[in-house]
Amino acid sequence: MKCQQCEKPATFHITELTGEQPQEIHLCEGCAQKYLMQTPGTGMPGKASLAGMLAQQLKVADTAKELEKLDEKCCPICGISFYEFRNQGRLGCPHDYVFFASELEPLIVNIHGDLLHKGKHPLTHKRSTESQTKLIQLRREMNEAIRLEQYERASELRDTIRNLEEGEEQAEDDHSV
Amino acid sequence: MNVDLNELTGRAGEWMKGAGPQSDIVISSRIRLARNIAEFPFIRRCTTPDRAAIDKAVRDRLAEVPQLTDLAYMRVDELSDVDRHFLAERQLISRELVEAEGARSVAIDPNERLSLMINEEDHLRIQVMKSGFDLVAAWEQINEVDDLLESKLTYAFHDKLGYLTACPTNVGTGMRVSVMLHLPALVITQQIEKVFRSLQKINLAVRGLYGEGSQAMGDFYQISNQITLGRSEIELRDQVHDVVPMIIDYERRARDFLLKQNQQDLHDKISRAYGILRTAQTISSEETMHLLSSVRMGVNLGLIDDLLIADINKLFVDTQPAHLQKLRGGPLDTAGRNSERALYLRRYLSQKEKDGADQN
Ligand SMILES: [Zn+2]
Ligand SMILES: [Zn+2]
Numbered sequence: 001m002k003c004q005q006c007e008k009p010a011t012f013h014i015t016e017l018t019g020e021q022p023q024e025i026h027l028c029e030g031c032a033q034k035y036l037m038q039t040p041g042t043g044m045p046g047k048a049s050l051a052g053m054l055a056q057q058l059k060v061a062d063t064a065k066e067l068e069k070l071d072e073k074c075c076p077i078c079g080i081s082f083y084e085f086r087n088q089g090r091l092g093c094p095h096d097y098v099f100f101a102s103e104l105e106p107l108i109v110n111i112h113g114d115l116l117h118k119g120k121h122p123l124t125h126k127r128s129t130e131s132q133t134k135l136i137q138l139r140r141e142m143n144e145a146i147r148l149e150q151y152e153r154a155s156e157l158r159d160t161i162r163n164l165e166e167g168e169e170q171a172e173d174d175h176s177v
Numbered sequence: 001m002n003v004d005l006n007e008l009t010g011r012a013g014e015w016m017k018g019a020g021p022q023s024d025i026v027i028s029s030r031i032r033l034a035r036n037i038a039e040f041p042f043i044r045r046c047t048t049p050d051r052a053a054i055d056k057a058v059r060d061r062l063a064e065v066p067q068l069t070d071l072a073y074m075r076v077d078e079l080s081d082v083d084r085h086f087l088a089e090r091q092l093i094s095r096e097l098v099e100a101e102g103a104r105s106v107a108i109d110p111n112e113r114l115s116l117m118i119n120e121e122d123h124l125r126i127q128v129m130k131s132g133f134d135l136v137a138a139w140e141q142i143n144e145v146d147d148l149l150e151s152k153l154t155y156a157f158h159d160k161l162g163y164l165t166a167c168p169t170n171v172g173t174g175m176r177v178s179v180m181l182h183l184p185a186l187v188i189t190q191q192i193e194k195v196f197r198s199l200q201k202i203n204l205a206v207r208g209l210y211g212e213g214s215q216a217m218g219d220f221y222q223i224s225n226q227i228t229l230g231r232s233e234i235e236l237r238d239q240v241h242d243v244v245p246m247i248i249d250y251e252r253r254a255r256d257f258l259l260k261q262n263q264q265d266l267h268d269k270i271s272r273a274y275g276i277l278r279t280a281q282t283i284s285s286e287e288t289m290h291l292l293s294s295v296r297m298g299v300n301l302g303l304i305d306d307l308l309i310a311d312i313n314k315l316f317v318d319t320q321p322a323h324l325q326k327l328r329g330g331p332l333d334t335a336g337r338n339s340e341r342a343l344y345l346r347r348y349l350s351q352k353e354k355d356g357a358d359q360n
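From first to last, the protein sequence lines stand for chains S and C. Going by our numbering, the first residue of the first sequence is number 1, and it counts up by one from there. Going by our numbering, the first residue of the second sequence is number 1, and it counts up by one from there.
Everything hinted at is true.
Covered stretches of chain C, going by a simulated chain S footprint (3 or more residues, C-beta under 8 Å):
hint : stretch
1    : 34–46
2    : 148–158
3    : 172–186
4    : 224–234
Under the rule of at most 25 Å between Cα atoms (straight-line distance), these lysine-lysine pairs were calculated in the BS3-like manner:
hint : chain 1 : residue 1 : chain 2 : residue 2
5    : C       : 17        : C       : 354
6    : C       : 352       : C       : 17
7    : C       : 160       : S       : 134
8    : C       : 160       : S       : 73
9    : C       : 56        : S       : 134
10   : C       : 260       : C       : 194
11   : S       : 120       : C       : 152
12   : S       : 118       : C       : 152
13   : S       : 118       : C       : 160
14   : S       : 73        : S       : 134
Note that these hints are calculated values from the structure, not bench results. Quick caveat: nothing in here was measured; it's all calculated off a predicted structure. Heads up, the beta-carbon is just placed ideally off N, CA and C, and yes, glycines get one too.
Given only the sequences and the hints, what does the whole structure look like? Please build it.
What follows is the structure, given as structure tokens:
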């Protein structure tokens, strides 16, 4: 049997149960990979279904011009643009949940029907979102300094990172005593 | 600890054992947690040094957890293509980890129940797998491992949104609970869609997959939670846990119906499947899976008595492409695999037949 998308032999046989009738789809491995990435309702919705949800949500809220502006919005920590997120369906860093909060929240409600975590919390290592962000930023600056061969600056940054991390460890230890 | 993949080749991993509650219908119960280390960007925005640093950070921290020192570490990017697929066929790593680029690893416990993937879609994916229907034990183990790791690593966590993940579909608990079911009678009686439509209504995802990777798998279906935020881990686990017995019951009733309605046809179908597996000279992965599915039901219904469910599960795994090549000890093209597969099946099944005859 040949793949429905290309000429290769079909090795992937997927039964879709989203419609009224089950639908058999026969694909080669490469095409299946692409297909699975965009299939909704799989327990791991891929980028296309996320992009679809976002597009729907944005269509309601924004004009083309506003959307264009939104797409250019970049996270100051990891540098990911909203457009890249829309395209790849994956965020760039933990700070994105804060930075893109107003765009992400409707999407999260759409997926989960909720915005409030009710599960377990880390027991020992609690770090504020702010200090998480600070650490990512410092680490990024340090790598950049290494890349530019500014070794003195890199070693300063390394010390700052170490101090910040140790400061927190210290605070935790003090707290637990 | 180093692991010899060749040694794994001859062994049955956890989910192949055909043991555990309801293992005639439930192949395996699996839970995975997605976690990220707070001070690194998510994988997509990681530099090459970042990825190496994450890999090292997790390894170093893990080495400090006494309960986890018997895990076997492997740098997936340093393995051969066959070895990577071999691990995926045993469900110890995901397809995504097989195909990703850059520094990435897996840590596996000796009985293949626990695996930790580093630098998959998230920095860390913890997976626990149990044979049969055993989500409660799976949750207990994974929760304990998560706590142990959490005492060494600072996870990206948000007060309201919970554990932060690269994809918003996993945020909150980062937990995916799934159960793999073998439902041939519901397929034959064409009731399967009805069952699935009702599952989708309660936010459970169903995947009817005749293929995990490049292998075909007849009549196997995976049920998992879609939502990860807004409910506790226990609630998410129980949602899947509570629905599985109903599906098991449907499948058993469908099997009873088939036996009563037309035992001869059913027996014929199963016997023919068994006959082909015992005698074929060349056979594709897809055909093997479909035939094994029938034989598996035959064993469950007592229509075939010289095989155990564990044998069938082992054959499912061993007849996959990477496993065949490991067993053979060299690369095989498709035609070569098809005849090697047939040879393996003939040998295995005639040995079982002989064992059965010797006992009688
Ligand atoms: Zn194709
Ligand atoms: Zn970011």
